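Trainee: Which chain is which? The protein sequence lines are A and B, in order.
Under the working numbering, the first residue of the first sequence is numbered 12, with each subsequent residue one higher.
Under the working numbering, the first residue of the second sequence is numbered 2, with each subsequent residue one higher.
Hints were generated in silico from the structure; no laboratory data involved.
One or more hints might be untrue.
[Claimed, not checked] What follows is a set of in silico ranges between Cβ atoms, one per label pair, in the way DEER data are often shown: (1) B:M103 / A:M107: 54 to 60 Å; (2) A:L70 / B:T36: 20 to 26 Å; (3) B:A6 / A:I141: 15 to 21 Å; (4) B:W85 / A:E62: 37 to 43 Å; (5) A:R67 / B:Q93: 40 to 46 Å; (6) A:R71 / B:G104: 41 to 47 Å; (7) A:Y125 / B:T81: 38 to 44 Å; (8) A:E58 / B:E68: 24 to 30 Å; (9) B:L96 / A:K104: 42 to 48 Å; (10) B:W85 / A:S126: 58 to 64 Å; (11) A:N99 / B:T81: 24 to 30 Å; (12) B:A6 / A:D161: 50 to 56 Å; (13) A:N16 / B:T81: 43 to 49 Å; (14) B:M103 / A:E58: 34 to 40 Å.
[To be verified] Derived pair list, reagent style EDC-like, types lysine to aspartate or glutamate, alpha-carbon separation capped at 16 Å: (15) B:K35 / A:D42; (16) B:K76 / A:E45; (17) A:K21 / A:E63; (18) B:K76 / A:D39; (19) A:K95 / B:E57; (20) A:K92 / B:D97; (21) B:K76 / A:D42; (22) A:K90 / B:E57; (23) B:K5 / B:E57; (24) B:K59 / B:E91.
[To be verified] Sample of chain A residues at the chain B side, in silico, Cβ under 7 Å: (25) E43; (26) E45; (27) Q46; (28) M73; (29) G77; (30) Y83; (31) V86; (32) K90; (33) P250.
Because the structure is a prediction, the values reported are computed rather than measured.
Don't be surprised by glycine CBs; every beta carbon is placed ideally from N, CA and C.
So you can see what is in the structure, the chains are spelled out below.
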Amino acid sequence: MTSSNFDLNKAISVWRRSLKYKRSILPDDIDELEQHIRDQVSVLVAEGLSEEEAYRQTLREMGNDGTAEVEYRKVYWGKLKRRKQLLNECLYKLSMFNNYFKVAFRNLHRQKGYSFINILGLAVGLACFILIGLFVRFELSFDSFHENADRIYRVVQEVPEYYYLGTNKFAATPAPLVNALMEELPEVENAVQIEMNSILLQRENSLFSEVGVYATQHFFEVFSFELLRGNPATALIDPGSIILTTSLAQKYFGDDDPM
Amino acid sequence: MIPKALVAASIKPIVLSVLAEGDNYGYAIIQRVKTLTGGQIEWTTSTLYPVLHSLENKGFLQSQWQESEEGPRRKYYRLTPNGWKALEREKQQWLDVHQALMGLWESQPGFSPT
Chain A
12 MTSSNFDLNK AISVWRRSLK YKRSILPDDI DELEQHIRDQ VSVLVAEGLS
62 EEEAYRQTLR EMGNDGTAEV EYRKVYWGKL KRRKQLLNEC LYKLSMFNNY
112 FKVAFRNLHR QKGYSFINIL GLAVGLACFI LIGLFVRFEL SFDSFHENAD
162 RIYRVVQEVP EYYYLGTNKF AATPAPLVNA LMEELPEVEN AVQIEMNSIL
212 LQRENSLFSE VGVYATQHFF EVFSFELLRG NPATALIDPG SIILTTSLAQ
262 KYFGDDDPM
Chain B
2 MIPKALVAAS IKPIVLSVLA EGDNYGYAII QRVKTLTGGQ IEWTTSTLYP
52 VLHSLENKGF LQSQWQESEE GPRRKYYRLT PNGWKALERE KQQWLDVHQA
102 LMGLWESQPG FSPT
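Chain A on its own, in the form it takes in the complex:
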């Protein structure tokens, strides 16, 4: 008589306790399942099993709690909606919010080492991400106003074995290159040569050293800078012509008309 001390009611109350905190299985559902277990046990007992064996076999056939919970969760929200308890459930979830934070901070305190590693890792990761983002945003931010911005390329020269400031590519190219590109490569629609340099500018008594850009005459066909005055199509045809910024014009001409 090994099963003499088995008590079905006690076993079922233990089983009920194991489901108590699974929120997707409502008390009503547990009652329903309990009656199912009792029905199955009494059928098996009638077939000749002891109560304990019958109970164990029934639970085995029901499968583990995991699958039951998954299946019950699928119909959980629909059930609340039908019973008009949706609002209550949402309020309950919200009321737990403070507690979630409390528990989180307690765990951070208790596990200082792991917290440090986790937060440091997150910080480094975020910092890298933000820096990469800033770099990309900066690179994409300028010179995009040119009408043909997506078709303008800078020709650079790569110098083997000569590195200066971390690069061996330099924007300095031989002077005849601009004409060679135009004549020999049909893909090149237009080309302009520029050189940045300091120049001496003089008008009457004012004489200053300025920094300016020398450019060939197709400059305004490639770059869409807007001129305040003058015609970009003809402005650079004469090799001696110059284009001034507003501030330079004021510096040399004052209130006189620079044109």
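Once you have looked at the hints, place chain B on chain A.
Mentor: Relative to chain A, chain B alone:
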């Protein structure tokens, strides 16, 4: 052995049809289907009860706790008018599939309807 997918697909029409015979509770529905299919289909609790609840959510079933004479409290399910309509639709769809299969098989030599 009936594959899982077919069991899952057929559970809704079978449950509705069992309840069309009369109000019933979960355990008895499982037993009824088990006998009908000669043990081929035996749903577990985590298969049947969530389906019953979902059909109830959709308004096809109505549940009620009932005390039977000197017996335990059981949760009985009953078809609603919408449930009857759903059963009609299911019946038509399954008969269409059945008809297609029979049409194909009957023309094959060596076919014997069991």
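Trainee: For every hint, state whether the structure bears it out.
Mentor: Taking the hints in turn, this is what the structure says about them:
1. Between M103 (chain B) and M107 (chain A) the Cβ separation comes to about 57 Å, which falls inside the hinted range of 54 to 60 Å.
2. At roughly 23 Å, the beta-carbon separation of L70 (chain A) and T36 (chain B) lies within the given 20 to 26 Å, and the hint holds.
3. Between A6 (chain B) and I141 (chain A) the CB atoms are about 48 Å apart, so this pair departs from the stated range of 15 to 21 Å.
4. Judged by the Cβ atoms, the range 37 to 43 Å given for W85 (chain B) and E62 (chain A) holds: they are separated by roughly 41 Å.
5. Taken as a hint, the range 40 to 46 Å holds for the pair R67 (chain A) and Q93 (chain B), whose Cβ atoms sit roughly 44 Å apart.
6. At about 44 Å, the beta-carbon gap between R71 (chain A) and G104 (chain B) stays in the expected band of 41 to 47 Å.
7. At about 55 Å, the CB distance of Y125 (chain A) to T81 (chain B) disagrees with the hint of 38 to 44 Å.
8. Checked against the hint of 24 to 30 Å, the C-beta distance between E58 (chain A) and E68 (chain B) comes to roughly 27 Å, which is consistent with it.
9. The supplied range of 42 to 48 Å is met by L96 (chain B) and K104 (chain A), whose beta-carbon atoms lie about 45 Å from each other.
10. At about 60 Å, the CB distance of W85 (chain B) to S126 (chain A) agrees with the hint of 58 to 64 Å.
11. N99 (chain A) and T81 (chain B) have their C-beta atoms about 25 Å apart, which keeps the hinted 24 to 30 Å range intact.
12. Separated by about 52 Å at the C-beta atoms, A6 (chain B) and D161 (chain A) satisfy the suggested range of 50 to 56 Å.
13. Between N16 (chain A) and T81 (chain B) the Cβ separation comes to about 47 Å, which falls inside the hinted range of 43 to 49 Å.
14. Look at M103 (chain B) against E58 (chain A): about 39 Å separates their beta carbons, and that is inside 34 to 40 Å.
15. A threshold of 16 Å between alpha carbons decides the hint, and for K35 (chain B) with D42 (chain A) the separation of about 23 Å lies outside it, so the pair is violated.
16. Restraint check: the Cα-Cα separation between K76 (chain B) and E45 (chain A) comes to about 11 Å, which is no more than 16 Å; the hinted pair holds.
17. With a C-alpha separation of about 11 Å, the suggested pairing of K21 (chain A) with E63 (chain A) holds against the 16 Å cut-off.
18. The hinted pair formed by K76 (chain B) and D39 (chain A) meets the criterion: a straight-line CA distance of about 9 Å does not exceed 16 Å.
19. A C-alpha spacing of about 14 Å is found between K95 (chain A) and E57 (chain B), which places the hinted pair at or below 16 Å, so the restraint holds.
20. Between K92 (chain A) and D97 (chain B) the CA atoms are separated by roughly 35 Å; this puts the pair beyond 16 Å, and the hint is violated.
21. Restraint check: the Cα-Cα separation between K76 (chain B) and D42 (chain A) comes to about 9 Å, which is no more than 16 Å; the hinted pair holds.
22. Restraint check for K90 (chain A) and E57 (chain B): the C-alpha separation of about 8 Å stays at or below 16 Å, so the hint holds.
23. Distance hint between K5 (chain B) and E57 (chain B) is unfulfilled; the C-alpha atoms sit about 23 Å from each other, more than 16 Å.
24. Restraint check: the Cα-Cα separation between K59 (chain B) and E91 (chain B) comes to about 15 Å, which is no more than 16 Å; the hinted pair holds.
25. Taken as an interface hint, E43 (chain A) checks out: its beta carbon lies about 5 Å from the nearest beta carbon of chain B, inside 7 Å.
26. The restraint placing E45 (chain A) at the interface with chain B is violated, with a minimum CB-CB distance near 9 Å, outside the 7 Å limit.
27. For the restraint placing Q46 (chain A) at the interface with chain B, the shortest Cβ-Cβ distance is roughly 6 Å, inside the 7 Å limit, so the hint holds.
28. Contact between M73 (chain A) and chain B, as hinted, is supported at the beta carbon level, the nearest pair being about 5 Å apart and thus within 7 Å.
29. Look at G77 (chain A): its Cβ only gets to about 9 Å from chain B, farther than 7 Å, so that hint breaks.
30. With its C-beta approaching chain B no nearer than about 5 Å, Y83 (chain A) sits inside the 7 Å limit, and its interface hint holds.
31. Interface hint status for V86 (chain A): upheld, as the beta-carbon distance to the closest one in chain B is roughly 4 Å, under 7 Å.
32. Satisfaction of the interface hint for K90 (chain A) is found here, the shortest Cβ-Cβ separation to chain B being roughly 6 Å, below the 7 Å cut-off.
33. The interface hint given for P250 (chain A) is broken, as the beta carbon of that residue sits about 83 Å from the closest beta carbon of chain B, more than 7 Å.
This entry does not satisfy hints 3, 7, 15, 20, 23, 26, 29 and 33, going by the numbered hints stated previously.
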